[in-house]
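> All chains should be modelled from the sequences, with the hints used to inform the complete structure.
Protein chains: 2
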Amino acid sequence: MSGYALPIQRLIKELSRFPGIGEKTATRLATFLIRASVDDAKRLAESILDVKERIRFCRVCFNLTESDICDICRDPSRDRGTLCIVEEPDALVAIEECGTFRGVYHVLHGALAPLDGIGPEHLRLQEMMDRINRDGVTEIILAMNPTVQGDATALLITKMVAGLHVRVTRIAQGIPVGGDLRYTDKMTLSKSLEFRRGM
Amino acid sequence: MSGYALPIQRLIKELSRFPGIGEKTATRLATFLIRASVDDAKRLAESILDVKERIRFCRVCFNLTESDICDICRDPSRDRGTLCIVEEPDALVAIEECGTFRGVYHVLHGALAPLDGIGPEHLRLQEMMDRINRDGVTEIILAMNPTVQGDATALLITKMVAGLHVRVTRIAQGIPVGGDLRYTDKMTLSKSLEFRRGM
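The listed protein sequences correspond, in order, to chains G and Z. With the first letter of the first sequence counted as 1, position 102 gets the number 520 in our numbering; the numbers rise by one all the way through. With the first letter of the second sequence counted as 1, position 114 gets the number 532 in our numbering; the numbers rise by one all the way through.
Because the hints were derived from the structure by calculation, they are not lab data. It is possible that some hints are incorrect.
One copy or any two copies: either way a pair holds, since identical chains are not told apart in the list.
[What the hints assert, rightly or not] Think about it this way: if two alpha-carbon atoms lie no more than 20 Å apart in a straight line, the pair counts; the simulated SDA-like pairs of lysine to any residue are:
1) 431 - 453
2) 604 - 509
3) 460 - 472
4) 577 - 532
5) 431 - 508
6) 470 - 520
7) 431 - 492
8) 470 - 432
9) 470 - 454
10) 431 - 512
11) 470 - 453
12) 460 - 428
13) 470 - 486
14) 431 - 511
15) 577 - 549
16) 431 - 449
17) 442 - 594
18) 460 - 444
19) 577 - 554
20) 577 - 508
21) 460 - 471
22) 470 - 421
This is the structure we're talking about:
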């Protein structure tokens, strides 16, 4: 990398801060930017600054939004009684793209990971409890990832809301659609057996 | 992606222009930027603009540089009689990092690829010929990639300089250091046999 002119070295360094982008990939990306038109590069730089300037958390659900309250929370047709709890905004987007969920969301911005120093106080749990108490929530759907951290978070929330009259469910784990039992890992297969449903 | 706020969608679109970066990876990078500090994001945006503003081609060898003539071409200790021809600036950097080559370079900015519409007129070949004639070059080392395009380019240059009293060599192809014959592809193995050297 030291063979490149200074501004290129700097760009490579900045690009390699991205997760999963090493020096080689960063160099490839930098090379692409050097070849790109000035307009293209400007558009990218501006869109980076734009996101930092305009994107904030929804005051209600902590989704990413341009406004004080996000589109979903403002939509009068959404069912405020059904609250879907997700770890991250990406999960919210993935569920929205299914187009079948008509409730509202709450984004925790993380999952319990004591080994990484992430405890309950780092998640938007208090805000979640406030909403459940305030908005007449009747069901909360735990849409954490099926990981150790997601499982721990789901368990914690289940305990937190135990005293309230709220139905608590968790999204199903099992064989993915189009999957093949031969190539499914043992954990997933066990879960799909454990959570079998009547036909 | 349509579930994200507009500035995020725009950033994802701009990031997915990078080669090898699809929408999923672009979304991951955008998410990282959203979480990053404003300062980090600004530094990245600035380094992108900076590269576009400050980097140009060396007037002599067409390497990327901040000045009119690059550091290598200005270095009086480099041997101007030995000219290493490369396809791209990255190749130049790779060779420089070996630290053993003391000649100078010429960057073609591409390789012959008639199917992609890249002919001799798209490469810095005329400038190469001018240098060979002007600078008393005694050897040109063809450091094209060992690909169909690189081979075609090497062949073309060999023909172009045939009348001049210049030694033409090409960097060796063969088993990479630390490689294993069992796992080496047939083409490489054939080349390593064909180009065997006396001990």
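> Which hint numbers does the structure go against, in order from smallest to largest?
2, 6, 7 and 20
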